[in-house]
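Asks: First to last, the protein sequences are chains A and B.
So that you can map any letter, position 144 of the first sequence is 144 in this note's numbering, and since no number is skipped, the others follow by simple counting.
So that you can map any letter, position 47 of the second sequence is 1047 in this note's numbering, and since no number is skipped, the others follow by simple counting.
Worth flagging that the hints you see were computed from the coordinates, not collected in a lab.
Using N, Cα and C, we set each Cβ at its ideal position, and we do this for glycine too.
Among the hints, a few may not be true.
Computed cross-link-like contacts, PhoX-like style, restricted to lysine-lysine with a CA-CA straight-line distance of at most 20 angstroms [what the hints assert, rightly or not]:
| # | chain 1 | residue 1 | chain 2 | residue 2 |
| --- | --- | --- | --- | --- |
| 1 | A | 21 | B | 1002 |
| 2 | B | 1002 | A | 23 |
| 3 | A | 21 | A | 91 |
Taking beta-carbon pairs under 7 angstroms as the criterion, some of the chain B residues facing chain A (in silico) [stated by the list, open to error]:
| # | residue |
| --- | --- |
| 4 | 1007 |
| 5 | 1011 |
| 6 | 1014 |
| 7 | 1017 |
| 8 | 1021 |
| 9 | 1022 |
| 10 | 1025 |
Stretches of chain A that chain B covers, calculated by requiring three or more beta carbons in the stretch to come under 8 angstroms of a beta carbon on chain B [claimed, not checked]:
| # | segment |
| --- | --- |
| 11 | 29-43 |
| 12 | 72-86 |
This is what each chain is made of:
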Amino acid sequence: MNTATMETIMSKITLLRITDKAKEWMVYGISLLCLALFAAAAYDKVVAHQTFLKGLSRVSFIGGAAIYISWLVPVTEILVCILLVAPKTQKLGLYVFTGLMTVFTIYILSMLFWAEKLPCHCNLIIEKLSWEQHVWFNLGFIGLAINALWLGRAKETSKKKR
Amino acid sequence: MKKLSLNIKKIALSLLVVGLAVGFSAFTSAKKTDQIKLAPFYYGYVLNDNVYRLISETTEPTGDCISSGTNQCVVISATNLGPEISQGTGAGLPAWSESSANAYYFLD
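Bound-form chain B, shown alone (with noise of 0.2 angstroms):
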């Protein structure tokens, strides 16, 4: 009886970690979500072309991009014209240089 009461005490204690890391989960995603929401057009910088050009589903950014300067590899604009380069700011994600030299950055 004692064992039984201890495994259904373990069973309870587990699920309730489990419940933790999802909810944890959810939240670190869900505020990844926001961010996109607010800025849905991101430009990836192409570092042998010197120009900012759109990352879309179907157009990935050439070419490897380490940030040089005050260029950052990704940056945020509110329309798909043209991101406002004197912003300078990336959209709080990862230089891809961050990653490694020969890595991309992937949205969704």
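The following block holds chain A by itself, in its conformation from the complex (with noise of 0.2 angstroms):
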């Protein structure tokens, strides 16, 4: 194989790869994201507290604890926005992220399966969705901050090689 031709192919495998700068703003964009989410949401519920703990009271298995959940979640999604807002505690916000968002989600798929009547919408994080749009909607962002996650690693490993 001669020079020219190795050139070329170095070239392209260059073009291919996502350089580092690229993957720190991809994952500081997806952070953004994240934050933009958990910020309307968490406003919603602390304004609309009583909406959120009535529909939360309804769900049979919280039962008392709906008043301590209705406090717990939005101060924990006000924690995880100011996690996400420092750069330097971005990385536990997104991995506190995607648990609180997995934690949501397995709340939906329980309702969906086992609740008797659903509850109305008002403590879903969007409540124009329906429940099962809400699956979907939380899977993309858990996604999504698992991709950021990933980048942020593969940043970390590329760096370590130099």
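Bring the two chains, given one by one in their own frames, into a single complex with the hints.
Replies: Laid out in structure tokens, this is it:
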């Protein structure tokens, strides 16, 4: 294989590779999306707290814990927002975001499969979506967050190699 | 120094995004509140009894509601003396059947 052919192959590989800078900005962009979602969701839950609490109290397996969950959820969302704002804690924020969204998705799925009656949409992040649509919405965001974490890790690995 | 300046820019952009998200959320919830202020009384259609019952804090509609024919699941009225059924238009609220056949619509 001659030098010219090698150079052509290497330049093609370079084009396909995402630069570290691009990875950094992709991770940051995804973090901003997650931040926007949770900021809006936390605001809604705090401002319309009674509606959120009412919706939760109608869920049979939540029962008396509704009042605690009705405050725990928005407080945790605000905490995740703070973690995502600061660049140093962004990675931790993404981990907590992924965990929280997984919990929400499991809640929605359990309601869809086992609840006798579905309550209002007031305890969903986006009230305009149906319960089924919300599952896909959540899975999309979980996928994005996992992708951001993977990109961040790939960037750290390539830095160590140098 | 360069990294510090970049971090400050990132934090500023993040805060801007938070502000925009909260602002948008506040705008959409204010729109909903205005709608409710204009029409204080809501009546829910009870399929089993074929009547409209006042929806309030203490009285919730019972039975499933699926919009049938021209009967909307939720109608508005300026009084608590009963809805004007001939109006037939809901308050722009989703019908219960749009969430699920067994869903209920709760109001503040």
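Asks: Hints first: check each against the structure and report whether it holds.
Replies: Here is how each hint holds up against the structure:
1. The straight-line distance between the Cα atoms of residue 21 (chain A) and residue 1002 (chain B) is roughly 15 angstroms, inside the 20 angstroms bound, and the hint therefore holds.
2. A C-alpha spacing of about 19 angstroms is found between residue 1002 (chain B) and residue 23 (chain A), which places the hinted pair at or below 20 angstroms, so the restraint holds.
3. Restraint check for residue 21 (chain A) and residue 91 (chain A): the C-alpha separation of about 16 angstroms stays at or below 20 angstroms, so the hint holds.
4. Checking residue 1007 (chain B) against chain A: minimum C-beta separation of about 5 angstroms stays under 7 angstroms; hint holds.
5. Annotation: interface hint on residue 1011 (chain B) holds; nearest CB of chain A at approximately 6 angstroms, less than 7 angstroms.
6. Hint status for residue 1014 (chain B): holds, given a least beta-carbon distance of 4 angstroms to chain A, under 7 angstroms.
7. With a least beta-carbon distance of about 5 angstroms to chain A, the hint placing residue 1017 (chain B) at the interface is held under the 7 angstroms criterion.
8. For the restraint placing residue 1021 (chain B) at the interface with chain A, the shortest Cβ-Cβ distance is roughly 4 angstroms, inside the 7 angstroms limit, so the hint holds.
9. With its C-beta approaching chain A no nearer than about 5 angstroms, residue 1022 (chain B) sits inside the 7 angstroms limit, and its interface hint holds.
10. A distance limit of 7 angstroms between C-beta atoms decides the matter here; for residue 1025 (chain B) the minimum to chain A is near 4 angstroms, and the interface restraint holds.
11. As drawn, the segment 29-43 of chain A meets chain B at 8 residues by the rule of a beta-carbon pair under 8 angstroms; at three or more, the given contact holds.
12. Residue count for the segment 72-86 of chain A with a Cβ under 8 angstroms from a Cβ of chain B: 4. That meets the three needed, and the coverage hint holds.
In summary, this structure violates none of the numbered hints.
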